[in-house]
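K.L.:
Spelled out from the first residue to the last, the chains are:
Protein chains: 2
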Amino acid sequence: MLNFSYQNPTRIVFGKDQLNQLAKLIPAGSKVLMLYGGGSIKHNGVYDQVVAALAGFDWQEFSGIEPNPSFETLMKAADLVREQKIDFLLPVGGGSVIDGAKFVAAAAVYPGDAWDILANRGKVESAIALGCVLTLPATGTESNGNSVVTRYETQQKLSFSSSLVYPQFAILDPTVTFSLPPRQVANGVVDAFVHVIEQYLTYPVNAPVQDRFAEGLLQTLVEQGPKALSEPDNYDVRANIMWAATMALNGLIGQGVPQDWATHMIGHEITAVYGLDHAQTLAIVLPALMQQQRAQKREKLLQFGRRVWQLSHQDEERLIDDTISHTRAFFEQMGVPTRLADYGIAADAVDKLVAKLQANGMLKLGEHGDIDLDVSRQILQKAV
Amino acid sequence: MLNFSYQNPTRIVFGKDQLNQLAKLIPAGSKVLMLYGGGSIKHNGVYDQVVAALAGFDWQEFSGIEPNPSFETLMKAADLVREQKIDFLLPVGGGSVIDGAKFVAAAAVYPGDAWDILANRGKVESAIALGCVLTLPATGTESNGNSVVTRYETQQKLSFSSSLVYPQFAILDPTVTFSLPPRQVANGVVDAFVHVIEQYLTYPVNAPVQDRFAEGLLQTLVEQGPKALSEPDNYDVRANIMWAATMALNGLIGQGVPQDWATHMIGHEITAVYGLDHAQTLAIVLPALMQQQRAQKREKLLQFGRRVWQLSHQDEERLIDDTISHTRAFFEQMGVPTRLADYGIAADAVDKLVAKLQANGMLKLGEHGDIDLDVSRQILQKAV
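Protein chains in written order, with my numbering: chain A, 47 to 430; chain B, 47 to 430.
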């Protein structure tokens with residue numbers, strides 16, 4: 047096991063009717079900015095419940111945060127925070143809204159050009175406090191310090207991390223997810239699955255707690271994911287997916303083990319250039335990456351196949367082949383296609399995407415840092 | 047899954063040479079009281095490293111905290127904290143020292159008779175800050191808000207919990223555990239194992255993440271525990287046990303699921319009356335409790351047997367029998383006997399222990415609250 051230092055300060059408030067805790071969770075006397083996206087929270091009752099909870103606070107709202115939240119929109123929110131002397135942010139929505147609010151929290155008090163936070167590793171020295179209401183289980187952003195933001199103008203999708211932007215609390219009510227469109231449910235399951243994979247499918251370091259936890263999350267997503275599509279009102283199914291998605295990226299399972307994240311970095315470029323959903327890009331890249339990296343990931347591919355897909359072939363090459371095909375089939379079963387062509391993207395995309403990776407300095411990806419532009423090209427060629 | 051609210055603020059600093067982080071982790075300017083036990087830290091180098099780290103602080107020490115820390119000793123430490131205006135406690139040791147320091151943290155600023163915290167659910171409204179250096183993986187106290195204290199005068203072993211006594215940090219260096227006596231290693235493994243069981247072996251609530259995490263910890267302890275005895279200098283083995291023991295009782299795996307804790311409550315009386323090690327009492331009580339509660343725990347006993355002990359009998363009664371015997375055999379393999387008689391305790395102990403349970407109000411134990419004094423008696427009779 048590798049050394050680590052881990053702390054996760056977010057309070058998780060999980061279950062039916064937990065929105066009724068909201069008023070108590072926001073620090074008394076806060077001047078609150080509620081942030082949300084396109085208004086789906088106005089159709090499922092969440093908006094009204096949040097407004098009711100905010101009755102005792104001085105508050106305002108900011109809507110229109112995009113899926114893949116844009117730098118341009120978020121800077122408007124940051125201006126508002128400064129002008130109105132907001133001191134608590136309350137994102138209500140999925141990963142995009144919460145990621146966006148984290149950037150707003152940092153940008154509003156950043157002394158220089160806030161773009162530096164994303165593009166030039168500008169250090170976040172302070173941030174506005176935030177707490178969140180999660181409506182779409184997927185990214186784990188509700189209890190981590192990560193944020194991904196897209197600058198549409200330059201087609202750049204970039205991220206930052208800071209311990210200062212962990213939400214103080216996250217309210218997770220699985221019933222809120224009953225009304226999600228199937229595409230968003232499926233995307234969430236695929237996203238969480240790949241988050242686990244990025245922290246698990248590397249090379250062994252004798253860390254059985256982390257491995258078993260990761261495998262438990264993968265098994266849960268494989269069992270529960272398809273049920274969420276076929277039984278959308280099944281509370282336990284929704285609850286299990288929601289908890290698995292949080293645990294997939296609250297940092298815990300990645301402590302003391304190598305991490306990959308190449309699938310994410312390559313996928314971000316596909317979203318930046320072609321606008322695909324984040325999870326769609328992961329479903330495209332991961333099976334191709336598993337194939338291209340089968341030598342480097344050999345031992346963990348075998349363990350993954352045996353423990354998660356319950357494969358027991360004697361022939362190890364065949365076992366790895368089947369591990370990859372089971373993974374691809376799971377994404378397809380969730381309704382998320384796994385090849386660029388399925389989204390109408392032609393083979394000439396490979397060059398464009400490699401050029402974007404180069405422009406963003408993504409030259410040494412993966413747990414060994416050996417996925418250079420040439421290897422990324424080979425991965426993308428396998429994803430055509 | 048049941049509703050829950052969970053937050054764990056402790057920073058875990060894990061791995062080789064992590065004691066060198068200590069000086070940075072204690073708030074600058076703190077007036078520190080280092081607390082420890084019988085002096086084993088003076089033989090393994092930990093004391094010297096801690097003293098070196100404290101060079102920049104105004105600090106004092108308090109030694110002599112017993113295994114099963116005594117109310118009497120801890121009240122002396124609380125007096126010292128008040129007299130010397132200590133504002134940071136640094137327990138260095140195993141569960142007893144850290145549990146003891148938590149009680150000191152609360153007792154030193156408690157407005158009334160501090161015994162009320164343990165005996166009369168006196169509410170802890172404030173506490174001195176603390177951080178810890180763990181030298182014995184077992185109890186999970188390094189990242190939870192629980193503490194167990196014994197009053198020798200009245201043979202009472204009682205507990206309290208408060209979010210105010212979570213350590214701010216816990217330094218876990220597995221190399222520090224190389225020199226532990228085999229009995230303490232074995233006790234730690236058994237203790238952690240039973241902590242998991244108390245949060246797992248109840249009844250199903252469709253919570254696969256929690257179940258898989260619990261099973262992963264149990265599998266890890268079963269695999270690694272015997273190796274810690276046979277290969278005492280194996281770093282990875284020590285690291286895996288240390289991390290498993292923390293995860294077993296940092297609260298995470300118990301969120302959203304029923305919990306039992308009857309084995310602990312009955313075991314505490316055995317320690318209070320006969321002075322046995324905590325883990326010895328758990329090894330005595332658990333197999334007897336599993337047998338007595340086999341109907342109530344039927345579904346989870348089967349799942350435990352299949353997933354952790356890899357049993358596959360068609361006959362479910364035989365599968366449960368073997369699940370219990372495998373559990374007992376594991377404790378025995380670790381060198382921890384599983385019957386009262388093995389410790390020279392005669393059958394008349396049953397009456398004494400039931401009387402103690404009655405005196406301490408332990409009348410409705412277990413996940414269903416149906417382990418009354420009569421059932422506790424039956425459990426103890428099976429443990430003779």
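Think of the hints as simulated: they come from the structure by calculation, not from any bench.
A portion of the hints provided could be inaccurate.
Derived PhoX-like pairs (lysine-lysine); straight-line CA-CA distance at most 25 Å [to be verified]:
| # | chain 1 | residue 1 | chain 2 | residue 2 |
| --- | --- | --- | --- | --- |
| 1 | A | Lys-410 | A | Lys-398 |
| 2 | B | Lys-88 | B | Lys-77 |
| 3 | B | Lys-402 | B | Lys-428 |
| 4 | B | Lys-169 | A | Lys-70 |
| 5 | A | Lys-428 | A | Lys-402 |
| 6 | A | Lys-169 | B | Lys-70 |
The calculated label-pair distances, taken between Cβ atoms and stated as ranges, are [what the hints assert, rightly or not]:
| # | chain 1 | residue 1 | chain 2 | residue 2 | range |
| --- | --- | --- | --- | --- | --- |
| 7 | B | Gln-106 | A | Gln-106 | 48 to 54 Å |
| 8 | A | Glu-269 | B | Gly-321 | 42 to 48 Å |
| 9 | A | Glu-277 | B | Gly-390 | 53 to 59 Å |
| 10 | B | Asn-166 | A | Gly-75 | 56 to 62 Å |
Which bits of chain A does chain B cover? Going by a derived footprint, with three or more residues having C-beta under 8 Å, they are [claimed, not checked]:
| # | region |
| --- | --- |
| 11 | 232 to 240 |
| 12 | 259 to 268 |
| 13 | 276 to 286 |
| 14 | 406 to 412 |
Glycine is no exception: its CB is placed at the ideal position from the N, C-alpha and C atoms.
K.L.:
If a hint holds in the structure, say so; if it doesn't, say that too.
P.N.:
Hint-by-hint comparison with the structure:
no.	hint	result
1	A:Lys-410 x A:Lys-398	holds (18 Å)
2	B:Lys-88 x B:Lys-77	holds (22 Å)
3	B:Lys-402 x B:Lys-428	holds (18 Å)
4	B:Lys-169 x A:Lys-70	holds (20 Å)
5	A:Lys-428 x A:Lys-402	holds (18 Å)
6	A:Lys-169 x B:Lys-70	holds (20 Å)
7	B:Gln-106 x A:Gln-106: 48 to 54 Å	holds (52 Å)
8	A:Glu-269 x B:Gly-321: 42 to 48 Å	holds (47 Å)
9	A:Glu-277 x B:Gly-390: 53 to 59 Å	holds (57 Å)
10	B:Asn-166 x A:Gly-75: 56 to 62 Å	violated (35 Å)
11	232 to 240	violated (count 0)
12	259 to 268	holds (count 6)
13	276 to 286	holds (count 3)
14	406 to 412	violated (count 0)
Hint compliance for this structure: hints 10, 11 and 14 are not met, and every other hint is.
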